[in-house]
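2 protein chains.
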Amino acid sequence: MKIAEIGGEFALIDRLIASMPSAHADLIAGAGDDAAVIRISPEPAPLMLVTTDLLVEDRHFNCLWAEPEQIGIKAAECNISDIAAMGGRPTWMFISIALKKSADVDWVRKIYAGISASCRRYGVVVAGGDTTQSPTTTINITLLGTISPSDLCLRSHARPSDLLMVTGSLGASAAALSLLRQGHTPSEYLLEKHLTPRSRMDVAETIAPFANAMIDVSDGLGAEVGHICRMSRLGAEVHLDAIPLHSEVIAAGQALGIDPHDFALQGGEDFELLFTIPAEKMPLLAKKASPFHEVGKMTAKNEDPVLVTADGHVQALPGGYDHFS
Amino acid sequence: MKIAEIGGEFALIDRLIASMPSAHADLIAGAGDDAAVIRISPEPAPLMLVTTDLLVEDRHFNCLWAEPEQIGIKAAECNISDIAAMGGRPTWMFISIALKKSADVDWVRKIYAGISASCRRYGVVVAGGDTTQSPTTTINITLLGTISPSDLCLRSHARPSDLLMVTGSLGASAAALSLLRQGHTPSEYLLEKHLTPRSRMDVAETIAPFANAMIDVSDGLGAEVGHICRMSRLGAEVHLDAIPLHSEVIAAGQALGIDPHDFALQGGEDFELLFTIPAEKMPLLAKKASPFHEVGKMTAKNEDPVLVTADGHVQALPGGYDHFS
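Which chain is which? The protein sequence lines are X and V, in order. Each position in the first sequence, counted from 1, maps to that position plus 436 in our numbering. Each position in the second sequence, counted from 1, maps to that position plus 436 in our numbering.
I should point out that these hints are in silico values taken from the structure, not numbers from a laboratory. One or more of the hints may lead you astray.
One copy or two, it doesn't matter: identical chains are merged, so the pair holds either way.
To be verified - Below, a list of computed lysine-lysine pairs in the DSS-like style, where the Cα atoms sit at most 30 angstroms apart:
#, residue 1, residue 2
1, LYS536, LYS546
2, LYS537, LYS717
3, LYS438, LYS737
4, LYS438, LYS536
5, LYS536, LYS724
6, LYS724, LYS537
7, LYS717, LYS737
8, LYS717, LYS733
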């Protein structure tokens with residue numbers, strides 16, 4: 437049976453997790469959150485965070501469109517974003533790379549220069565890795581981090597009536613990719629969002645003490661709201677008109693004949709943060725960092741999240757990107 | 437310039453490390469040992485070990501020869517072996533896998549069943565990972581571990597006159613691979629050594645308090661002795677006749693017209709441990725675990741290691757496997 441036939445990537449992961457030795461008193465969160473959370477010393481000592489991301493040529497990066505520095509930056513930032521989504525701070529990085537036999541040494545060095553630039557920005561130290569040969573260029577980064585137990589934002593921590601907030605406008609990376617695939621030239625703004633996305637480490641640690649649940653928008657807003665609902669056993673409503681879209685994302689939608697909300701709801705790799713927060717805490721957070729965008733709220737019922745249009749029409753919230761669909 | 441032109445995999449790694457932010461007071465050993473060693477609490481608290489290995493279809497495993505459980509066992513054991521080589525104990529595992537779109541769900545489950553079997557053997561917990569799609573099946577495992585500072589065996593810790601010891605006979609995995617590639621059918625013993633190698637966690641923690649330097653034999657004895665010499669700034673002599681070879685490795689050499697010592701010196705993936713130990717400590721260790729094999733000794737001069745034949749002829753010790761040569 438093929439992976440698409442059992443329901444795709446997340447169904448596969450569920451089956452795999454069920455079969456593995458993955459329970460331990462010190463494993464506070466394992467597979468199913470942005471990063472694993474491990475107790476390495478008795479609390480209130482900081483907890484350890486671990487995330488790992490596997491990036492494959494032509495799937496996560498395209499050597500025709502992306503300069504090697506950009507490939508490196510994106511590889512680093514998508515991992516840093518996973519640590520940011522827990523409310524944590526990244527610390528130690530491990531880089532595995534599989535290169536073609538014909539790979540140019542200078543090209544490889546530039547990938548690492550891009551990774552290094554992101555690491556230096558956040559004080560991350562590269563502590564090891566692996567190199568090997570493959571017909572498909574592949575990069576795996578494992579990133580460790582640290583977080584105070586009181587600041588930890590798990591996907592399962594959302595509460596009924598929490599506001600659903602995002603840290604910035606969505607859909608730019610997916611809009612750029614759609615334009616590129618159709619032979620258009622994206623604007624500089626869209627191209628930068630696609631080729632060198634930035635994690636929101638700049639605000640993550642400010643948000644964490646106020647937020648309940650947090651997740652990074654790597655597979656589209658629809659999928660991420662769905663993850664929070666499923667892990668928190670709650671529902672949610674997202675208001676279509678409240679989804680922040682940059683004017684160039686709207687223009688890209690018009691050029692391609694696509695509803696630009698689809699880029700935000702179903703496109704990947706925005707790396708903005710989606711968090712839930714009690715309404716009364718929002719003014720306190722807004723004094724420390726802004727602007728954030730309210731896109732909906734959590735609801736008490738344990739049911740699939742819904743999308744509410746301007747005219748009050750309610751429909752199922754579309755899911756996000758699946759690597760095997 | 438191609439990777440082979442600058443001197444291969446290790447020359448590439450040296451260049452990459454030099455360009456990256458990789459120095460920190462709490463990073464006791466980084467790239468260049470079997471695992472990174474990180475101080476996470478003031479000593480004498482245990483140190484954290486981290487290793488990562490990237491395995492590529494047709495390079496590290498062959499789907500024609502290996503059952504999926506065997507692929508999983510090998511992927512897990514080669515990482516566990518890196519923790520064993522530091523003298524440590526493995527704890528938390530993270531598994532990234534890139535699968536073909538056509539991958540069969542049951543085949544994937546069996547890979548994870550193999551990984552799980554090895555994890556259960558050593559009490560390792562699978563705490564996370566990533567799944568994606570690729571034309572080349574690729575597995576990256578990151579494994580964390582723990583070690584008491586007093587037991588830590590770095591490659592740089594060898595001392596002049598230390599004995600060079602190995603924990604078992606060498607070359608079986610390479611002999612099996614050579615036979616397979618030439619269309620022969622290896623014996624059950626050789627095939628098992630190649631397809632489901634076992635780390636030497638069973639003796640690693642017993643050896644660690646007595647040994648100075650330790651490394652696992654993953655790229656051939658020649659390469660590993662070279663690593664210890666370079667990191668310890670010492671020389672070494674290996675006695676050709678002292679290299680332990682199983683009778684079936686000798687038979688494979690005869691069948692293929694190859695000196696069977698070449699399998700041990702230049703072949704990969706034996707996963708026995710190579711360690712250096714002061715001669716006076718060896719009787720104490722031998723009482724706790726045995727048999728080990730003395731293959732040579734460290735010398736005081738900071739120079740390339742040598743191979744001494746039975747007739748006293750001295751030559752450069754051949755290097756090991758390079759992924760880009």
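We went through each hint and held it up to the structure:
no.	hint	result
1	LYS536 <-> LYS546	both (15 angstroms within a copy, 28 angstroms between copies)
2	LYS537 <-> LYS717	neither (54 angstroms within a copy, 45 angstroms between copies)
3	LYS438 <-> LYS737	neither (33 angstroms within a copy, 59 angstroms between copies)
4	LYS438 <-> LYS536	both (28 angstroms within a copy, 10 angstroms between copies)
5	LYS536 <-> LYS724	neither (47 angstroms within a copy, 46 angstroms between copies)
6	LYS724 <-> LYS537	neither (50 angstroms within a copy, 46 angstroms between copies)
7	LYS717 <-> LYS737	within (22 angstroms within a copy, 67 angstroms between copies)
8	LYS717 <-> LYS733	within (14 angstroms within a copy, 67 angstroms between copies)
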